[in-house]
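Given the sequences, and given the hints that come with them, work out the whole structure.
Below, each chain spelled out in residue letters.
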Amino acid sequence: MAELSKREQIPVESASAEQLISPENAFSPDVNIYDNREALIFSMDMPGVRKGDVTVEVDENNVLTVRAKSSFSEPEGKVLIHEFDAGNYYRAFTLSNEFNKDTVSGKLENGVLEVIVPRREDVKPKKIQINA
Amino acid sequence: MWDLDPFKEIERMRRQMDELFSRLPFYERTSYQFPLVNLYDDKDDLLLTAEIPGLLKEDVNIQYNDGALTISGKRKAGAYGTSELLRQEQPEGNFEKRVRIPVKIRDNEIRAKFEDGILKVTLPKAEEAKPRQITIES
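Protein chains in written order, with numbering that gives the first Met the number 0: chain F, 0 to 131; chain A, 0 to 137.
Since the hints were made in silico from the structure, they are not lab data.
Do not rely on the hints blindly, as some may be mistaken.
[Claimed, not checked] Short derived list, chain A residues pointing at chain F, Cβ under 7 Å: (1) Met12; (2) Arg14; (3) Val36; (4) Asp40; (5) Asp41; (6) Leu46; (7) Glu50; (8) Pro52; (9) Tyr79; (10) Ser82; (11) Leu85; (12) Gln87; (13) Glu88; (14) Asp115; (15) Ile117.
[Claimed, not checked] Using C-beta positions, here's what the derived DEER-type ranges look like: (16) F:Glu23 - A:Lys75: 27 to 37 Å; (17) A:Glu127 - F:Asn35: 52 to 62 Å; (18) A:Arg110 - F:Asn61: 46 to 56 Å; (19) A:Gln32 - F:Arg49: 19 to 29 Å; (20) A:Pro101 - F:Leu19: 31 to 41 Å; (21) F:Gly76 - A:Glu127: 15 to 25 Å; (22) F:Leu19 - A:Leu84: 30 to 40 Å; (23) A:Glu114 - F:Arg119: 34 to 44 Å; (24) A:Thr134 - F:Lys77: 16 to 26 Å; (25) F:Gly76 - A:Asp17: 25 to 35 Å.
[Claimed, not checked] The calculated lysine-lysine pairs, modelled on BS3-like cross-linking and capped at a C-alpha distance of 27 Å, are: (26) F:Lys77 - A:Lys96; (27) F:Lys106 - A:Lys73; (28) A:Lys124 - A:Lys112; (29) A:Lys73 - A:Lys96; (30) F:Lys50 - A:Lys112; (31) A:Lys129 - F:Lys77; (32) A:Lys73 - A:Lys112; (33) A:Lys56 - F:Lys106; (34) F:Lys125 - F:Lys100; (35) F:Lys106 - F:Lys123; (36) A:Lys73 - F:Lys50; (37) A:Lys75 - A:Lys129; (38) F:Lys77 - A:Lys42; (39) A:Lys124 - F:Lys77; (40) A:Lys119 - F:Lys106.
Ideal placement from N, C-alpha and C gives every residue a C-beta, glycine not left out.
As structure tokens, this is what we get:
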């Protein structure tokens with residue numbers, strides 16, 4: 000099972016490229032994690048992020064890292080209400096070795112990133128045919 | 000004659016506190032509920048931005064009436080067959096947020112855009128609400 004680490008929300012000071020995004024200068028996106036036996040599905044809220052501005056990687060220690068650059072910038076004008084800050088996103092999860100890191104896929108839609116991490120074939124539940 | 004009535008004194012202090020709070024602009028009282036909003040005053044327009052990830056534009060309802068903008072909709076949880084939810088942080092379900100608009104606006108010219116989970120609503124100010132340059136006569 001995945002071991003999860005939630006980082007503190009810290010607003011962005013400056014980050015020009017996705018590689019520079021780290022827990023110190025980015026927001027931790029809200030995540031839902033689903034397990035459908037075939038795979039783990041991570042759904043992450045990243046409003047303001049455009050397609051192509053996200054990197055998802057799994058390193059040799061099985062750490063799944065998501066970095067995303069936000070395109071939202073503060074508009075001109077006097078602030079009357081301010082409930083959210085614009086910023087980049089960073090979040091990391093440690094996966095157990097029952098997952099296949101070579102087939103991880105991701106999709107970004109309407110400000111939500113979906114990352115699918117399939118289980119290795121040999122640990123997937125198998126259907127057993129019952130012969131009459 | 001000095002008359003110190005402790006109850007009167009408390010009442011006086013309470014009134015002073017009430018007065019102090021009533022002077023705070025109303026827009027400082029916001030709810031921090033989904034969706035989070037910002038509101039900006041930029042000369043001729045007010046601009047409202049809101050973070051609404053995970054919804055299609057058809058599923059977001061925006062209404063202006065009685066000096067307030069209401070954003071409502073329903074955020075559905077992801078459906079991945081028969082899956083187990085291991086962790087839930089994303090807000091889900093019906094939402095409605097009402098934001099008071101502090102100036103008179105031209106309500107038939109409100110425009111809205113929704114991109115990458117961020118809603119932007121432009122509210123043009125009514126003529127009488129726009130800043131006016133005053134010329135000083137010599």
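- Determine which of the earlier numbered hints do not hold for this structure and return their numbers in increasing order. 1, 2, 37
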